[in-house]
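Peer 1: Whenever a hint applies, use it, and build me the whole structure from the sequences.
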Amino acid sequence: MTRVGLVMARSAQVIGEEPFYHEFIEGLERVLTPAGVSLLVRMVGDRAAEADVYESWSARQQVRGVILVDLVPDDDRVALVRRLGLPAVVLGDPSTADGLPTVWTDDAGFAREAVGFLAGRGHTVLGHVSGPLGFAHTQLRRGGVEAEVTDRELTLLTAEGDYSLESGRAATALLLDTRPERPTAIVFDNDVMALGGLETIRAYGLRVPEDLSVVAWDDSAQCQLAVPALSAMSHDVARIGELTAGAVLDTFLDASARTVYEAPKAHIVERDSTR
Amino acid sequence: MARRETPAAGPGSRALIVDVVRSAVTISRGELADLTGLTQPSISNIVRDLIAEGIIHEIGSTGAGQGRPRKLIAINPANRFGVGFHMGPDTLTSVAIDLTGGVIGREVVPRPPDGSWSPERLAERFHDFTECLDLPADRIEGLAVVAPASVPVEADLRAELTDRIGVPVLVENDAAAAALGEFWSRRVSREQAFGCVYLSAEVGAGFVFGGALFRGAGSGAGDLGHVSIHYDGRPCPCGSLGCVGQYASTTASVDAAREDPELRARLPLDGSASSAYDSIARAAVNGDPAAYTVLDQAAEYLGMAATSMANLLDLGRLVLTGPGVALAGSIYARRLRSHLARTAHSRQRHTLTVELSAQPRDAAGIGAAALVVQAAVAPGHGGLALQGAAVPAAVVPAAVAPGHGSER
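Line order of the protein sequences matches chains B and H.
Note that the numbering used here gives residue 262 to position 262 of the first sequence, counting from 1, and the numbers run on in steps of one.
Note that the numbering used here gives residue 1058 to position 58 of the second sequence, counting from 1, and the numbers run on in steps of one.
Hint data in this document are derived by calculation from the structure and do not stem from the laboratory.
Warning: the hint list may mix true and false statements.
Claimed, not checked - Here are some chain B residues pointing at chain H (derived, C-beta under 7 Å):
1) G16
2) H22
3) E29
4) V31
5) T33
6) S38
7) V41
8) R42
9) Q62
10) A221
11) Q224
12) L225
13) I268
14) V269
15) D272
The structure presented is a predicted model; accordingly, all values stated were derived computationally and were not measured.
We treat Cβ as the ideally placed atom computed from N, Cα and C, and that holds for glycine.
Peer 2: The following block contains the structure:
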């Protein structure tokens, strides 16, 4: 049996809540399973434990390749898989991958688009609740938000979360406590934090969308079911999974390929949380 | 409705304590006494044993100020593990969870070329999976194998598999397992009359009452797909007419969508039923009116059957899960909520919450692993004794005794 490994250094709790990874994995398997390849997903506590897993998988020849996610600038995992001779595909920006094949989403571009969407509705003071700023994709999104805000001469307030519901609540409280200017619209880097944000906004006695508009970065069933239903930057996450799986199968044929696979364009799905 | 357990410290007290700690997340011994009706000394003894076994740990104190601080206890997640296998038509999903229900590993493998999962192959799968996760053999509490109600796992598989892997083996249907998984990982308290609707190529349900999975006479409870919603409706292979599975399963929705020529031209519906269904679901939530109508209609049918089920059992909390609600769960949840709010008999007396699963695609595999975890740390729910790993005599035969275990 040929196996591909995916290690995630986040708490089982956060992964369990996050629809992004469930749909990503579903897409991966739609391509890998018919090709006779299995996908092993393993949760670990931190990055050191993640590196240990690659070492032991490689030593015991338990996987034929790996998928790297949540890259940081100058990520040492890239050098590690090279040293181990493990074929690898990076889900992230080509700048983080040092030539490894990547499946690339234009985080900065879509972040600009989200800002443009809100600016077009007359918002001038925006909030951005990001994921962990150590991640390269978070920095790219924040960079995109800042660039668009500067171009349009808007005001930006920022806070950092860790993709969990609780961090969405706390970051939102931080933004709402800002004086003199409170944001009239907030972009959240995932759906779960946006749901936490909705709770906080309600606790502050504010209404969505009358007082505050909310946009979630990933779309999900929970976003759609929220009251009010959340407008979202919708990515075809399962398709990103399928592309990644295809990239992995390509590395089995040619391990030296330096291909960049571009993810399908994201788009805003407008629901009831924005005006 | 709240029901009190008997306060005597019998063999069920340990399960009761684990269950209350699990649903409370963190709790003090004093609060445990209040909630369980057990005496302080019995609680101290049981908690001491649970700490020694690594099932519970102390995680700090609270109540600074007046009197001495109370120590808080919680389930110790990372000390022991349960493994679940969910058999699908083409694949087998393996899941490992910690004691709180957190997934620590999963893998989907294709069905073997000749189509059969022999005990030998399942044992190989178990060893391979647990080795890739570096799970120490002595911390694995067991394996549960679950499959759709229409293709039950063979009865003699259990004993043979137990012999081969050296840990107890349980067998269950997928919807029932999913219900127990949601009960465990959502920290539902045992006072709740809890139900789960499992939407896939079949329609299933599972129930957890008083903390125990309701199995019926032969692990067949919860066959929601064969609740009829139309007395002279579509024929079902089961022999009845109008079974809701013929209207609301994911395959029924794919069939309905394929009959619409415009939808067929617009969406990729010619591949596998599961990818066709996901295309419909994605289009439906992104504003395609025809795709939305197909699923909303299915949800309306499902709402009819779910209302009958909720009325029959007077449920207090219902979770929607299974691959059918992964992308378009909001359509089903909204329909069920409005249907139940309009028609459920209990609507004047108590609330009936309808929620969406956080991990609908893996719910059956996670649930399988949760069956193992519950049997190991809160035994006494359905005669599934797991103690004495590697001792086949400790494992009851596949034909599970009806009822809920002797001590309850």
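Peer 1: State for each hint whether it applies.
Peer 2: Verification of the hints:
1. G16: 6 Å, holds
2. H22: 6 Å, holds
3. E29: Holds, about 5 Å.
4. V31: It is violated, given that the least Cβ distance between V31 of chain B and chain H is near 11 Å, above 7 Å.
5. T33: Cβ of T33 of chain B sits 5 Å from chain H, so the hint holds.
6. S38: 4 Å, holds
7. V41: At about 5 Å, which falls below the 7 Å cut-off, the nearest Cβ of chain H leaves the hint on V41 of chain B intact, so it holds.
8. R42: It holds, given that the least Cβ distance between R42 of chain B and chain H is near 5 Å, below 7 Å.
9. Q62: 5 Å, holds
10. A221: Interface hint status for A221 of chain B: holds (4 Å vs cutoff 7 Å).
11. Q224: At 4 Å from the nearest chain H Cβ, Q224 of chain B passes the 7 Å test, so the hint holds.
12. L225: 4 Å, holds
13. I268: 11 Å, violated
14. V269: Holds. Min distance 6 Å.
15. D272: Result: violated, 12 Å to nearest chain H Cβ.
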